[in-house]
Amino acid sequence: MHTEPTAEQIEREGIYRSLGLTDAEYAQVVEKLGRLPNYLETGLFGVLWSEHCSYKSSRIHLKKFPTDGPQVLQGPGENAGVVDIGDGIGIAFKMESHNHPSAVEPYQGAATGVGGILRDIFTMGARPIAFLNSLRFGPLDDAHTRYLFGNVVAGIGGYGNCVGIPTIGGEAVFDPSYRHNPLVNAMCVGQLPADRIVKGAASGVGNPVFVVGSRTGRDGIHGATFASAEDPHAKERSAVQVGDPFLGKLLMEACLELMATGAVVGIQDMGAAGLTSSSAEMASRAGGGIEMMLDRVPCREAGMTPYEMMLSESQERMLVVMEKGKEELAFQILRKWDLQVAEVGRVTDDGRLRLYFHDEVVADVPVRLLVDEAPVYDREIAAVYEPPGAHVALPPDPVNYQLELEKLLAHPSIAKKQWIYHQYDTSVRASTVFGPGYDAALVLVPDSEKLVAMASDGNGRYVYLNPRVGGAIAVAEACRNVVAAGGVPLAITNCLNFGNPEKPEVMYQFSQAIEGMSEACRALSAPVVSGNVSFYNETGGEDIYPTPVVGVVGVVEDSQLATPSEFSEAGLAVYLVGNLSDGLEGSLYWQMKAQQAAGDAPSFDLATEVKVQRFVQRAIREVGITAAHDISEGGLAVALVEMVEETAPIGMTVSLPAGFQLPGVLFGEAQSRFLIAAQASKENMLQDLAFTLHTPLLRLGETNTSGELVISIDGESSPAIQANLHELKKIYTSALENNMNQSWR
Amino acid sequence: MKWAVIVFPGSNCDEDAQQAIIRVTGDEATLVWHQETSLADYDAIVLPGGFSYGDYLRSGAIARFAPIMKAVRDKAVQGTPIIGICNGFQVLTEAHLLPGALLRNRDLHFHCKMVELRVETNRSPFTAAYQPGDILRIPIAHGEGRYFADSAILHELQEDHRVAFRYVDNPNGSSESIAGILSKERNVLGLMPHPERAVADFMRSTDGAGVFRSIHQYVTEREGAHAH
Chain A
1 MHTEPTAEQI
11 EREGIYRSLG
21 LTDAEYAQVV
31 EKLGRLPNYL
41 ETGLFGVLWS
51 EHCSYKSSRI
61 HLKKFPTDGP
71 QVLQGPGENA
81 GVVDIGDGIG
91 IAFKMESHNH
101 PSAVEPYQGA
111 ATGVGGILRD
121 IFTMGARPIA
131 FLNSLRFGPL
141 DDAHTRYLFG
151 NVVAGIGGYG
161 NCVGIPTIGG
171 EAVFDPSYRH
181 NPLVNAMCVG
191 QLPADRIVKG
201 AASGVGNPVF
211 VVGSRTGRDG
221 IHGATFASAE
231 DPHAKERSAV
241 QVGDPFLGKL
251 LMEACLELMA
261 TGAVVGIQDM
271 GAAGLTSSSA
281 EMASRAGGGI
291 EMMLDRVPCR
301 EAGMTPYEMM
311 LSESQERMLV
321 VMEKGKEELA
331 FQILRKWDLQ
341 VAEVGRVTDD
351 GRLRLYFHDE
361 VVADVPVRLL
371 VDEAPVYDRE
381 IAAVYEPPGA
391 HVALPPDPVN
401 YQLELEKLLA
411 HPSIAKKQWI
421 YHQYDTSVRA
431 STVFGPGYDA
441 ALVLVPDSEK
451 LVAMASDGNG
461 RYVYLNPRVG
471 GAIAVAEACR
481 NVVAAGGVPL
491 AITNCLNFGN
501 PEKPEVMYQF
511 SQAIEGMSEA
521 CRALSAPVVS
531 GNVSFYNETG
541 GEDIYPTPVV
551 GVVGVVEDSQ
561 LATPSEFSEA
571 GLAVYLVGNL
581 SDGLEGSLYW
591 QMKAQQAAGD
601 APSFDLATEV
611 KVQRFVQRAI
621 REVGITAAHD
631 ISEGGLAVAL
641 VEMVEETAPI
651 GMTVSLPAGF
661 QLPGVLFGEA
671 QSRFLIAAQA
681 SKENMLQDLA
691 FTLHTPLLRL
701 GETNTSGELV
711 ISIDGESSPA
721 IQANLHELKK
731 IYTSALENNM
741 NQSWR
Chain B
1 MKWAVIVFPG
11 SNCDEDAQQA
21 IIRVTGDEAT
31 LVWHQETSLA
41 DYDAIVLPGG
51 FSYGDYLRSG
61 AIARFAPIMK
71 AVRDKAVQGT
81 PIIGICNGFQ
91 VLTEAHLLPG
101 ALLRNRDLHF
111 HCKMVELRVE
121 TNRSPFTAAY
131 QPGDILRIPI
141 AHGEGRYFAD
151 SAILHELQED
161 HRVAFRYVDN
171 PNGSSESIAG
181 ILSKERNVLG
191 LMPHPERAVA
201 DFMRSTDGAG
211 VFRSIHQYVT
221 EREGAHAH
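Residue numbers (the UniProt record's numbering), protein chains in the order written: chain A, 1 to 745; chain B, 1 to 228.
Because the hints were derived from the structure by calculation, they are not lab data. Note that the structure is predicted; figures quoted are calculated from it, not measured. Please note: incorrect hints may appear among the correct ones.
Once the Cα atoms are required to be at most 27 Å apart in a straight line, the calculated DSS-like pairs of lysine-lysine come out as [claimed, not checked]:
no. : chain 1 : residue 1 : chain 2 : residue 2
1   : A       : Lys503    : A       : Lys64
2   : B       : Lys184    : B       : Lys113
3   : A       : Lys63     : A       : Lys32
4   : B       : Lys113    : A       : Lys416
5   : A       : Lys417    : B       : Lys113
6   : A       : Lys729    : A       : Lys417
7   : A       : Lys730    : A       : Lys407
8   : A       : Lys336    : B       : Lys70
9   : B       : Lys113    : A       : Lys729
10  : A       : Lys611    : A       : Lys682
11  : A       : Lys730    : B       : Lys184
12  : A       : Lys63     : A       : Lys503
13  : A       : Lys336    : A       : Lys324
14  : A       : Lys611    : A       : Lys64
15  : A       : Lys729    : A       : Lys407
16  : A       : Lys336    : B       : Lys2
17  : A       : Lys730    : A       : Lys416
18  : B       : Lys113    : B       : Lys2
Over 12 Å on every C-beta distance to chain A, these chain B residues come out as not near it, computed from the model [stated by the list, open to error]:
no. : residue
19  : Arg23
20  : Thr25
21  : Thr37
22  : Arg64
23  : Ala71
24  : Gly79
25  : Thr80
26  : Asp150
27  : Ile153
28  : His161
29  : Val163
30  : Val168
31  : Arg213
Pulled a few chain B residues facing chain A out of the computed Cβ check, cut under 10 Å [as the list claims (entries may be wrong)]:
no. : residue
32  : Gly10
33  : Asp14
34  : Gln19
35  : Trp33
36  : Gly49
37  : Ala61
38  : Ala76
39  : Ile135
40  : His194
Beta carbons are placed, not taken as given, at the ideal position from N, Cα and C, and that holds for glycine.
Put together the whole structure using the sequences plus the hints.
Here's what the structure looks like:
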């Protein structure tokens, strides 16, 4: 065993730098501690003061998010947020990024991302009911990207399928911006009795502390500092952990059983920075301390040092504080599930994290200094942000609009995602009402008429072009998805994926995006209850599009209100809710023409957004409509094709008013718009409702049996598009698979 | 009648099967832990889907050694209807209660989707409620569902009318599109698709209900016959 450097060596040789501390941070530790920290202690500060654990660059900005509301049972600060959906039912949810590990070891990086977010949900006492994920990759013409993407999908499925939680929603975007920095954001949603939320606090002096689940190994040491550094590719794959979904499943069942006894005082997943963050954060939440005897931690191999044990990120481990005197319950239940359990320490009231090894104190530091007094940086924000798409010339009008529509339908960002979700178990738990492919996923709530609605969304291109408006759109669009499916959005979680925070323009993007998101959250009464920040998504000085991904949870009050995004009948009237617009700002169409993000963010107005969402909610409740769909990437023409059920032998005739620029009308991505379809008998009621609510509503056309999509302009003799719908659907359905059928293994 | 749904560590369709039984038949359905050793009280046994023991070796290869499996074997000999769904099918082949094996899907991907099945025989406790040739819509969700057997076994299955279901459009490369097979005595069924996920309108199909109804009817009629 090599010997660890002494405290003096660490200072003299600047070894703290390789443990993740800057010179100033190290000086702060020494000053507050009143002595030089030893190697283990320096390591504890290194991980807990890392960007990943301390949110030191983001904290002051995250405070701007609205986090309150009558529906909020648990806001940010715990392992997950919880909202109240009524009938005494709480819904816990959170989204988390696993970008850096997935770029290096895609299968395990994605799988452990799913495992980690799963544990965050069940530690709240919630039974997980669904997974969603948001993925960002480079273009699929690159074999390495296909390798990364294919293995990330397999890894997400590998973990989720095995633990028996359906993966029922999400999105995937393919853009050059993510070529070197793919984004893998996983969301988990769980259900619990509203009055039985379990917290991650180590309270009650003398209560025993247990390590539960997997043995501690040497894998993943420095994972948290690794995620906070530029160019993780230069780092070793050994910093990526390996997941064991079978153990994850057993741990979930055992912990839920244990929590149901009421004897659990506090519980937390050992995620990033493993035993260090779980013990310190749990002690911090209770305002107390913890002492642990590290000899008692079950290890995978002999000879592990305290440093290795404290910084290991071995998966499928939990830290549990039990009520004193009820230790035997933990042993009984964990043994039933064939899981490791060891009592390693106890809760104290002296506010210190004290670690023993071979009867010697090997670390003794104040919890407050580790967690609450971690540095906070008000990083420099660029004074001006040069709008990156402002000077791009508009493309010339196309000759053949049908061809342009086909190109959009075949773009992997737009194309149907069944290649992805057929690899996920979407129907296990036998509760899925709407799975992937709908605007929002809907899940049954046992013993209730209600459904839980959930969706994730976020368009990095919009945020890049205009951070504030783009941020607002991310929230609005996610909520719009829930509304389209018949739901009322209640709250959001988010993953804020950004570049290097040490660059003022990245901090501009970050702070402005949060401003925009907060405005939309307030307007739509959807506060932020949990979330995660991922900085340093940059390679070779190139940052990704600033990409806040929003996960939203809502409720459908009655399963009768569940509204699909597709229709299959002839004779339906098709309406546009919102304004007809011909702007191409920020559209994928313009980007494809210009080979770069172009224009401003799409036109967006919060007041209109609120209005159209309210209208669709009431139309679903009071009028009853056949289908509703959010108009998003690809614009109106794409949305029309998407709404036609794949095998339906129907056609659609649409006529648009004259006086608009055709490319923008067809392919523009102006926000705050839905398409809805309704039976002819409902049309008067719809129009009355729109009149009452002052909501723009435009009849576009109707479905028929022709099998053709005909889009024409009033007063013009020949249609702009006249195409076989079946052929269009075929392009839309097969594009992603065709891309992936090129070699990637 | 009383149903037992066996729970192995890693089973994850156990509660779905239990709920489907209750929904379709109104019978009592009990989750039975793999460490139990007796199934004497039960009239029908379900080995549910999931990933028993993580399926890290071969699917079902470890579950076959679970203490409960001795009782399952005994019930099989006694003629009790036993249905293995997905991972349960894999366990039954590993336990040699059914012939053949389930290999990784032809394209090596996990597949979850609604598929069409053709009922090949209604001479069994599991399919009596159907007609041969009926087309059922029932979801699949598996990574190792490619049924494989040598030609002698395939010939025997064919001759004895022991292929219960075939895929209309083979999704995984199964020999002769086989989705489900019966034991020699016809009281053990293994099938890869999930009938418990096709028993309610919101599931987009109720075609799976016939499997549970058939078993219920078979057991209650047999009990009735014994009573006379």
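These are the hints, each one checked on the structure:
| no. | hint | result |
| --- | --- | --- |
| 1 | Lys503(A) <-> Lys64(A) | holds (21 Å) |
| 2 | Lys184(B) <-> Lys113(B) | violated (30 Å) |
| 3 | Lys63(A) <-> Lys32(A) | holds (26 Å) |
| 4 | Lys113(B) <-> Lys416(A) | holds (15 Å) |
| 5 | Lys417(A) <-> Lys113(B) | holds (13 Å) |
| 6 | Lys729(A) <-> Lys417(A) | holds (13 Å) |
| 7 | Lys730(A) <-> Lys407(A) | holds (12 Å) |
| 8 | Lys336(A) <-> Lys70(B) | holds (20 Å) |
| 9 | Lys113(B) <-> Lys729(A) | holds (19 Å) |
| 10 | Lys611(A) <-> Lys682(A) | holds (20 Å) |
| 11 | Lys730(A) <-> Lys184(B) | violated (44 Å) |
| 12 | Lys63(A) <-> Lys503(A) | holds (21 Å) |
| 13 | Lys336(A) <-> Lys324(A) | holds (21 Å) |
| 14 | Lys611(A) <-> Lys64(A) | holds (24 Å) |
| 15 | Lys729(A) <-> Lys407(A) | holds (12 Å) |
| 16 | Lys336(A) <-> Lys2(B) | holds (25 Å) |
| 17 | Lys730(A) <-> Lys416(A) | holds (10 Å) |
| 18 | Lys113(B) <-> Lys2(B) | violated (31 Å) |
| 19 | Arg23 | violated (9 Å) |
| 20 | Thr25 | holds (16 Å) |
| 21 | Thr37 | holds (16 Å) |
| 22 | Arg64 | holds (17 Å) |
| 23 | Ala71 | holds (19 Å) |
| 24 | Gly79 | holds (29 Å) |
| 25 | Thr80 | holds (25 Å) |
| 26 | Asp150 | holds (29 Å) |
| 27 | Ile153 | holds (29 Å) |
| 28 | His161 | holds (30 Å) |
| 29 | Val163 | holds (25 Å) |
| 30 | Val168 | holds (15 Å) |
| 31 | Arg213 | holds (17 Å) |
| 32 | Gly10 | holds (5 Å) |
| 33 | Asp14 | holds (9 Å) |
| 34 | Gln19 | holds (6 Å) |
| 35 | Trp33 | holds (8 Å) |
| 36 | Gly49 | holds (8 Å) |
| 37 | Ala61 | violated (13 Å) |
| 38 | Ala76 | violated (26 Å) |
| 39 | Ile135 | violated (15 Å) |
| 40 | His194 | holds (7 Å) |
Violated hints, in rising order: 2, 11, 18, 19, 37, 38, 39; the structure is consistent with all others.
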